[in-house]
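Student: Sequences are here, hints too, so could you generate the full structure?
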Amino acid sequence: MRVVIAEDSGLLRQGLVRLLGDSGFEVVAEAGDGPGLVDAVNRHRPDVCVVDVRMPPTHRDEGLRAALAARSLVPGLPVVILSQYVEERYAGELLESGPEGVGYLLKDRVADVGDFVDALRRVAGGGTVLDPEVVAQLLARRRRDDPLDTLTPREREVIGLMAEGRSNVHIARSLVVTDGAVEKHVRNIFGKLGLPASDSDHRRVLAVLAYLRD
Amino acid sequence: MLAESRSRMVDASIDERRRIERDLHDGAQQRLVALAMDLGMARERMESDPDSARELVDEAHEEAKRALAELRDLVRGIHPAVLTDRGLDAAVSALAGRSQAPVTVSCDVPGRLPEAIESTAYFVVAEGLTNVAKHSRARHAYVNLRLSDAVLCVEIADDGVGGADPAGGSGLRGLGDRVAAVDGSLVLERTAAGRTVLRAEIPCAS
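Residue numbers (the numbering used here), protein chains in the order written: chain A, 96 to 309; chain B, 680 to 885.
Certain hints may be false.
Said to hold, decoys possible - The calculated label-pair distances, taken between Cβ atoms and stated as ranges, are:
hint : chain 1 : residue 1 : chain 2 : residue 2 : range
1    : A       : S293      : B       : R701      : 48 to 56 Å
2    : A       : A305      : B       : R818      : 33 to 41 Å
3    : A       : R282      : B       : D828      : 49 to 57 Å
4    : B       : V876      : A       : L290      : 53 to 61 Å
5    : A       : G220      : B       : K744      : 22 to 30 Å
6    : B       : A715      : A       : R97       : 32 to 40 Å
7    : A       : V112      : B       : R701      : 49 to 57 Å
8    : B       : R697      : A       : E195      : 45 to 53 Å
9    : B       : K744      : A       : P291      : 38 to 46 Å
10   : A       : N137      : B       : E868      : 53 to 61 Å
11   : A       : G119      : B       : R701      : 39 to 47 Å
12   : B       : S692      : A       : G275      : 56 to 64 Å
13   : A       : A305      : B       : D705      : 25 to 33 Å
Derived by calculation from the structure, the hints in this document are not laboratory data. From the three backbone atoms N, C-alpha and C, an ideal C-beta is built for every residue, glycine too.
Tutor: Shown next as structure tokens:
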């Protein structure tokens, strides 16, 4: 799998190159700023990009903007954004560029190498991956008579994992319940929120995210 | 009166720097020392006792992640990046998203305001929500920001039992000084309906 890395800190860039190399990825280009990322994407058409939000010159959200520019140049380009802070607002801007093949994770998550590599693979395959901290922010937003309040604690756990982009199989494993039990929770959640049922894991994730961001 | 509040403001900023120094020293710095020790011991035992070396590396890994989380919280408390990047609405929504009690936010502030005003308004909301969490046993909080006639009005209301007192609490007095430093005013009141409302009014000359 071919990767482009955009990260202005040399130390972290070296670390990522080594980590991804060890995990069977091929790093085809490294960029240190936004234009460098767009250029590398144009030239290499990678399977996935790993992009730091903060890059020169202003160290605000250049990485996010460059990733959005790269995605409008190469529609559907899989991108994983890494950030020292995750905020729901940035997640929203990223998802608006097309919710498939995007990931948004706290930089710390890189330390759990197995999970991080798994997230990259899922995004490269068109999946959506959101950091649990962003999901917590999404779930905390309330409206009047919110149907979210009618969910049981277990259903809240399930909807949280779905919003992170997890498949039913993964949810069953992490909650230590059967696949059938997860399917039942998902049916109940969709019923309570008035969402149309869907068989595909990914389409369910997108429906849940659209609901939470509404 | 104003001079008094300005001088309290200077004291508050010295206190704040002490607090940051203490948080760094007690938190991330100690964790990094523990982590370096774990790694050092792991290196010694790599050959003779690989199992315990692996345990030490696991511990060091956990310490590193905790240090990162602490640093992130500390830095966010000094100045949140999302406030600079996206303004009040986004930053206040993010605060609400991290609050224990559910929070409903309404923000009617078009465009961006001067940095000092945005930052003051943000910390009013942050302190207001902290008080709601600490004192009021509220089930729900409401944050309202609106700009009208060149005055930014920031309100944090809750349906809890009250208990915050601007004269008694150093947090609220510090906040009052902060608001006064941008020529604003801060009041805490209890409505007839039993709600506690913290309100800041900050003039925004444009």
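Student: Evaluate each hint against the coordinates.
Tutor: Do the hints match the structure? See the list:
1. S293/A with R701/B: 48 to 56 Å: For S293/A and R701/B the Cβ distance comes to about 52 Å; the hint holds.
2. A305/A with R818/B: 33 to 41 Å: Violated, since A305/A and R818/B (Cβ atoms, about 28 Å apart) do not stay within the stated range.
3. R282/A with D828/B: 49 to 57 Å: 52 Å Cβ-Cβ, so the 49 to 57 Å window holds.
4. V876/B with L290/A: 53 to 61 Å: violated (37 Å)
5. G220/A with K744/B: 22 to 30 Å: holds (27 Å)
6. A715/B with R97/A: 32 to 40 Å: holds (36 Å)
7. V112/A with R701/B: 49 to 57 Å: Given range 49 to 57 Å: violated, Cβ gap about 37 Å.
8. R697/B with E195/A: 45 to 53 Å: holds (49 Å)
9. K744/B with P291/A: 38 to 46 Å: holds (39 Å)
10. N137/A with E868/B: 53 to 61 Å: Cβ of N137/A to Cβ of E868/B: about 59 Å, so the range 53 to 61 Å holds.
11. G119/A with R701/B: 39 to 47 Å: At roughly 45 Å between Cβ atoms, R701/B and G119/A fall inside 39 to 47 Å, so the hint holds.
12. S692/B with G275/A: 56 to 64 Å: Since S692/B and G275/A have Cβ atoms about 59 Å apart, the given range 56 to 64 Å holds.
13. A305/A with D705/B: 25 to 33 Å: Violated, since A305/A and D705/B (Cβ atoms, about 43 Å apart) do not stay within the stated range.
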